[in-house]
Structures are given as C-alpha cells and as structure tokens.
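Could you put the whole structure together from the sequences, leaning on the hints where they help?
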Amino acid sequence: MKPLKAFTIPFVGLKVGEHHFEYDIKQSFFEHFEYEEFNNSNLKVDLILNKKSTLLELNFKTSGTVNVNCDLTNEPYDQEIENNFDLVVKFGEEYNDENIDILIIPHGEYEINIQQYIYELIVLAVPNKLIHPGVEDGTLDSEILNKLEELSPKTAEYKENQEEIDPRWNTLKKLLTDK
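1 is the number of the first residue of the sequence shown in our numbering; add one for each residue after it.
Hints listed in this document are in silico derivations from the structure and should not be mistaken for laboratory results.
Even glycine gets a Cβ: it sits at the ideal position worked out from N, Cα and C.
One should not assume that every hint holds.
Said to hold, decoys possible - Okay, the calculated beta carbon distance ranges per label pair: (1) Asp86 x Val126: 28 to 36 Å; (2) Asn40 x Asp166: 52 to 60 Å; (3) Glu120 x Lys173: 54 to 62 Å; (4) Leu175 x Leu72: 40 to 48 Å; (5) Pro76 x Phe33: 19 to 27 Å; (6) Lys90 x Asn40: 35 to 43 Å; (7) Ser53 x Pro76: 44 to 52 Å.
See the structure below:
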C-alpha cells in the first residue's frame with residue numbers, strides 16, 4: 001500500500017519540543033485502506049509530537065462520527081467515537097514494530113508515516129455491536145423492527161397458553177415440588 005504524503009512527518013527538521021498536527025479524516029482515507037464498513041466519516045485527529053534528543057513521543061487523539069449501519073435494523077446512523085493512543089519512536093539498528101506502543105526505526109530515517117496508526121486508532125474505537133440509538137430508546141420506526149415485534153412471542157399470550165395445559169400435567173409437576 002502506497003503511503004499517503006499528508007500523513008508523513010519529516011521530523012529531522014523539527015526543533016526539540018512539542019509540535020501539533022491536525023488531520024481531518026474523510027471517507028477517502030478509508031477507501032485507501034479498502035475498508036468498507038463506514039458509509040461516511042467526519043473525524044478529527046490531533047497529534048502532539050514531542051521531539052526529544054533520543055526519541056519521539058506521539059500522542060494521538062481522535063474524535064468525531066462515522067456513519068455505520070445498525071446491526072439489528074441495518075439503518076444507517078452516526079456513531080460517535082473518541083479514542084487516544086501514545087506511541088514512542090526510538091532509533092535502533094533496524095525497523096521493528098513488534099511492540100504495540102514502541103516503534104523502532106533505523107538511525108538514518110528522517111521521516112515517519114503515521115497513517116496506519118490513525119487507521120487502527122479509528123477502527124478500534126468503533127464498538128463491536130452497533131445499535132441505532134432509536135432502537136435503544138424506542139423512537140426508531142423501521143420495517144425490520146416492526147417485523148421482529150410481530151414475530152416475537154407475546155408475554156400475555158404465552159401465559160394464556162401456559163394456563164391451557166392439560167391439568168394432569170399440573171399434578172405431575174406437584175410431584176416434583178412435594179419432596
């Protein structure tokens with residue numbers, strides 16, 4: 001996958017100290033990764049890069065909304081997400097990203113690409129189960145919800161059916177409880 005230039009930070013020319021970067025993440029960013037779970041996205045990523053003499057500290061914070069489909073009704077809605085992530089970049093003999101929050105890059109490197117970290121930060125912030133807020137508070141009117149309600153067993157009808165059971169079974173049930 002070709003790295004996006006907007007997410008490449010040339011840190012070699014930066015002074016020691018904190019540097020702020022802001023990124024607006026739209027749907028085209030996820031299309032680059034061929035990720036099709038979002039209908040649309042409107043996210044903001046704030047990055048604070050703290051350059052020190054021997055390492056870099058990166059603090060990612062993301063917030064915004066992604067438009068996704070509800071798992072129950074398949075109705076699209078905007079899911080709010082918020083997440084943060086800290087990454088330490090050290091210099092070593094060879095590239096090593098085996099540790100989650102430590103990245104080791106070769107001594108001669110002069111820039112770092114952060115697109116993969118932003119992508120993972122956003123995708124992992126989305127809840128596993130996506131439920132439309134209208135389903136939870138009962139305000140969503142959907143054909144699928146109406147059909148589910150129609151096909152679900154009614155508690156009053158269920159109790160009436162229980163009362164219509166042959167009385168001989170009730171006496172057998174007493175045998176179980178009369179011990």
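Please flag the earlier hints that this structure goes against, numbers listed from lowest up.
Result: hint 1 breaks, nothing else.
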